[in-house]
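Peer 1: Whenever a hint applies, use it, and build me the whole structure from the sequences.
Residue numbers (our numbering), protein chains in the order written: chain A, 12 to 569; chain B, 8 to 169.
It should be emphasised that the hints constitute simulated quantities derived from the structure, not laboratory data.
Glycine is no exception: its CB is placed at the ideal position from the N, C-alpha and C atoms.
Mixed in with the good hints, there may be bad ones.
Straight-line Cα separation of at most 25 angstroms, PhoX-like style, residue types lysine-lysine; simulated pairs [claimed, not checked]: (1) A:K331 x A:K199; (2) A:K373 x A:K326; (3) B:K45 x A:K535; (4) A:K200 x A:K71; (5) B:K91 x A:K453; (6) A:K404 x A:K535.
Which chain B residues stay away from chain A? Per the calculated CB distances, all over 12 angstroms, these [unchecked claim]: (7) V19; (8) L23; (9) G29; (10) S135.
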Amino acid sequence: MSECFRDCRRQSSTGALLQRLVLLRLLSWLLLAGMVPCHAQQAIRPDQLVGLPKLPPLTKELAAAEMRRFYLGVFDELAANAKLRPFESLPGEKVAVACLTRPQDLITPPWVTSPVPWGVLKWSRNYGASNVDAARQGAVAYCEAYKGADVIKGNCTCIPVLEGNDARLVIDDAYVEKYLATATELAKKTTQASYTDVIDTESEGSKSRVDGPSVLLNLKHPIQLGNPDGDRDYAEACQGRVGYAWLPVEVNRQVELSRRLVQLQDSGLYGCYTISVNTTLEPRSVAAGKAAERRCRFTSSSPSGELPLLEPKTKEYLSKLFPSEKVKRVWGGGVVEVDDRNVPFGTHKLTSPLYVEMESGKGFRAVMVMEPENGIGCYVGKPFSNLVFDLAKCEPRRTCEIDAETALFQELENQFTSPPIAASRILGSLPPGEIRFERLYKPSLIIGAPFFEMSTYMAKFWSADSDNPLYSAYERSSFKGISTGAGKFATPRIKIFLEFTHFFTRSANVRGVYSEPDDAQANKYSEVIGDKVAQAISSACSIMGGTMKDRICVVERK
Amino acid sequence: MKLHEARRWLAVYFLLLTAITGGYLLLFGESPLLPMSKDEAKAGFQILIPVLIGQIAVIFQWVSRLQEQEDLAELSPLPTWSVKLPAVIVAVLIIFGVAVLVIGNSGSGQPIGLSPEGFNGLLTFAVSILNASTIFLVARLFGTPKQATLQDAPSAQDAARR
Numbered sequence: 012m013s014e015c016f017r018d019c020r021r022q023s024s025t026g027a028l029l030q031r032l033v034l035l036r037l038l039s040w041l042l043l044a045g046m047v048p049c050h051a052q053q054a055i056r057p058d059q060l061v062g063l064p065k066l067p068p069l070t071k072e073l074a075a076a077e078m079r080r081f082y083l084g085v086f087d088e089l090a091a092n093a094k095l096r097p098f099e100s101l102p103g104e105k106v107a108v109a110c111l112t113r114p115q116d117l118i119t120p121p122w123v124t125s126p127v128p129w130g131v132l133k134w135s136r137n138y139g140a141s142n143v144d145a146a147r148q149g150a151v152a153y154c155e156a157y158k159g160a161d162v163i164k165g166n167c168t169c170i171p172v173l174e175g176n177d178a179r180l181v182i183d184d185a186y187v188e189k190y191l192a193t194a195t196e197l198a199k200k201t202t203q204a205s206y207t208d209v210i211d212t213e214s215e216g217s218k219s220r221v222d223g224p225s226v227l228l229n230l231k232h233p234i235q236l237g238n239p240d241g242d243r244d245y246a247e248a249c250q251g252r253v254g255y256a257w258l259p260v261e262v263n264r265q266v267e268l269s270r271r272l273v274q275l276q277d278s279g280l281y282g283c284y285t286i287s288v289n290t291t292l293e294p295r296s297v298a299a300g301k302a303a304e305r306r307c308r309f310t311s312s313s314p315s316g317e318l319p320l321l322e323p324k325t326k327e328y329l330s331k332l333f334p335s336e337k338v339k340r341v342w343g344g345g346v347v348e349v350d351d352r353n354v355p356f357g358t359h360k361l362t363s364p365l366y367v368e369m370e371s372g373k374g375f376r377a378v379m380v381m382e383p384e385n386g387i388g389c390y391v392g393k394p395f396s397n398l399v400f401d402l403a404k405c406e407p408r409r410t411c412e413i414d415a416e417t418a419l420f421q422e423l424e425n426q427f428t429s430p431p432i433a434a435s436r437i438l439g440s441l442p443p444g445e446i447r448f449e450r451l452y453k454p455s456l457i458i459g460a461p462f463f464e465m466s467t468y469m470a471k472f473w474s475a476d477s478d479n480p481l482y483s484a485y486e487r488s489s490f491k492g493i494s495t496g497a498g499k500f501a502t503p504r505i506k507i508f509l510e511f512t513h514f515f516t517r518s519a520n521v522r523g524v525y526s527e528p529d530d531a532q533a534n535k536y537s538e539v540i541g542d543k544v545a546q547a548i549s550s551a552c553s554i555m556g557g558t559m560k561d562r563i564c565v566v567e568r569k
Numbered sequence: 008m009k010l011h012e013a014r015r016w017l018a019v020y021f022l023l024l025t026a027i028t029g030g031y032l033l034l035f036g037e038s039p040l041l042p043m044s045k046d047e048a049k050a051g052f053q054i055l056i057p058v059l060i061g062q063i064a065v066i067f068q069w070v071s072r073l074q075e076q077e078d079l080a081e082l083s084p085l086p087t088w089s090v091k092l093p094a095v096i097v098a099v100l101i102i103f104g105v106a107v108l109v110i111g112n113s114g115s116g117q118p119i120g121l122s123p124e125g126f127n128g129l130l131t132f133a134v135s136i137l138n139a140s141t142i143f144l145v146a147r148l149f150g151t152p153k154q155a156t157l158q159d160a161p162s163a164q165d166a167a168r169r
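Peer 2: Structure follows, in structure tokens:
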């Protein structure tokens with residue numbers, strides 16, 4: 012308390028003793044009453060935390076060895092899970108080849124519970140080769156077909172080869188060097204990260220008013236820990252990656268903490284917010300679209316001793332993190348999508364961790380670790396959001412929809428991978444109806460020298476019979492045949508909507524801080540993106556044999 | 008090296024260095040000639056220019072107090088290398104830093120580039136070299152002028168005696 016008081020108080024000038032004493036007493040009261048948040052917000056030091064990423068290897072040899080270990084582990088895991096069928100045997104020599112993901116995707120902090128890098132699953136193929144070399148060449152050719160993918164720049168540098176049951180890895184120097192550079196960067200980011208006690212950020216003060224009785228929700232089972240605001244949130248997209256570490260809680264603080272958690276749990280829904288591409292520092296959207304999703308938070312816990320309710324990877328993560336402990340209960344902050352009356356209609360699959368109670372009586376509270384990324388924040392523009400296809404007179408409707416979306420998908424790729432945008436398509440596991448591009452740390456061809464840009468683009472399609480604000484709940488699951496659209500809420504979809512989002516920061520120095528553009532620069536991008544999207548729609552419309560009317564493609568086909 | 012030559016050399020050096028680097032940092036931020044943000048260029052300006060301005064002030068204070076011509080034959084007590092070498096090294100460092108900064112950000116960015124932080128670190132290093140070397144010489148060479156000083160002027164007591 013005394014330390015904190017020293018930090019908090021103002022330095023008085025040559026003051027009278029009496030005045031000082033009065034001030035001291037007053038400040039003491041304020042501190043005791045909790046009105047000055049100084050004590051509650053003691054800075055969290057990384058050395059107090061459990062579960063931060065370990066220091067990565069700093070020599071080439073160690074990095075290569077670690078990658079080898081990592082991949083062999085992945086192979087084992089894949090081989091153990093027959094359903095994944097990652098590597099198919101080739102005739103004769105039982106050889107299979109996979110072109111793996113980018114090295115930076117391998118640097119996964121402990122809080123990321125993804126079972127394998129997506130590239131392993133995405134790109135594992137049988138190349139029709141009859142020996143290892145032919146298979147390797149096949150893998151390279153396969154990768155190179157994905158123009159713009161990051162791994163291609165290194166000419167498909169990592170080619171793991173699986174022969175029978177023996178994994179033989181071919182990992183070249185360029186791949187190891189990239190991995191090493193990424194690992195070093197991760198270590199730097201971890202030391203520069205900000206640490207926030209998650210429970211302190213939860214506040215029932217902004218409790219939402221739901222029409223009707225209060226709503227008390229439980230976590231969605233199986234519980235998967237992670238950042239529920241991850242994919243669309245401003246913070247993650249513009250401010251750096253979010254993860255979690257754990258702070259041991261002293262025994263004498265546990266009662267107070269439990270009371271706080273129960274209080275949060277009893278609050279029902281609280282802290283409602285809108286999550287959408289409009290969540291920006293300075294919205295400069297030319298055509299501001301509808302808010303995508305409105306969400307509220309709630310606190311809940313796994314019932315004591317009911318740990319099967321945890322998702323297997325979460326259980327594995329916790330058992331690796333606390334090898335000498337047995338988890339009794341996990342508290343988490345859930346997120347639920349709500350409508351504009353705050354009536355819930357679907358919980359998010361990820362749960363933000365709050366607190367873990369152990370059988371031994373120990374407890375660990377979650378600390379959010381936010382890596383520094385761009386430092387200052389970034390511009391988020393929505394240069395386009397509109398109805399693009401009217402398919403009311405196009406039959407058969409289902410085929411029309413798929414054709415229109417596919418044409419638009421392809422034309423957007425053509426436009427956005429060519430100058431002046433010159434972005435690369437992101438080949439990840441994306442939600443249906445989405446296509447993403449990125450152009451990272453490269454010269455901006457739109458605002459010109461000396462600026463380098465860090466841009467990500469996301470196009471989101473959905474089909475509906477009208478511009479329904481709840482489209483995300485019902486309509487977006489139909490894309491490229493993924494869903495039959497025959498669900499409970501299926502309606503005759505006759506219109507296709509497109510929303511385009513651009514996250515953008517720039518720097519005058521390729522190694523400098525990437526920050527928000529000024530208005531003129533943002534406007535230049537908006538104009539170019541608007542034109543490119545319009546061209547893509549127009550080209551897709553030609554492919555569909557439709558006609559453009561007021562920027563909307565009307566297709567009449569029987 | 009003659010004394011007046013050493014003084015002239017340093018005076019011209021500091022004037023040129025101040026004018027050129029100050030103008031460069033102020034005028035070319037966020038351009039291909041100085042690929043860093045204006046704020047970062049301003050930070051560089053704040054590192055370098057106050058020290059240089061301090062030297063110019065010392066030099067011109069001395070010039071302003073001159074009451075007779077310098078002795079053109081008087082030899083400098085300082086070795087020539089000590090006057091020129093640190094100053095030249097600093098100038099070369101800055102020129103080299105600018106070159107690396109510009110080249111490193113040409114095209115898609117080159118592996119040898121400097122970050123704005125790195126460039127300002129280089130400026131700090133240059134200032135440190137000046138602080139540890141040339142600035143002492145400036146103080147020595149541009150101290151109180153030797154001519155009719157208070158020492159030569161009649162004291163108040165002398166005047167009273169008369």
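Peer 1: Give a verdict on every hint.
Peer 2: Verification of the supplied hints:
Between K331 of chain A and K199 of chain A, the direct Cα distance comes to roughly 24 angstroms. Compliance with the 25 angstroms bound is thereby established for this hinted pair. At most 25 angstroms may separate the alpha-carbon atoms for a hinted pair to count; K373 of chain A and K326 of chain A meet this at roughly 17 angstroms. In summary, the hint linking K45 of chain B to K535 of chain A is supported, as the alpha carbons are separated by about 20 angstroms, within the 25 angstroms threshold. Between the alpha carbons of K200 of chain A and K71 of chain A the distance comes to roughly 20 angstroms, so the proposed pair stays at or under 25 angstroms and holds.
Proximity of K91 of chain B to K453 of chain A is assessed by CA-CA distance (about 42 angstroms); at most 25 angstroms being required, the pair is judged violated. Taking the CA atoms of K404 of chain A and K535 of chain A, the gap is about 37 angstroms. The hint is violated against a cut of 25 angstroms. Distance check on V19 of chain B: its Cβ is at least 32 angstroms (rounded) from any Cβ of chain A, clearing the 12 angstroms threshold; non-interface status holds. For L23 of chain B, the condition that its CB be more than 12 angstroms from all CB atoms of chain A holds, with the nearest at approximately 26 angstroms.
Against the 12 angstroms criterion, G29 of chain B stays outside the reach of chain A, whose nearest CB is about 19 angstroms from its own CB. Listed as outside the interface, S135 of chain B is consistent with that label: its C-beta sits roughly 23 angstroms from the nearest C-beta of chain A, beyond the 12 angstroms cut-off.
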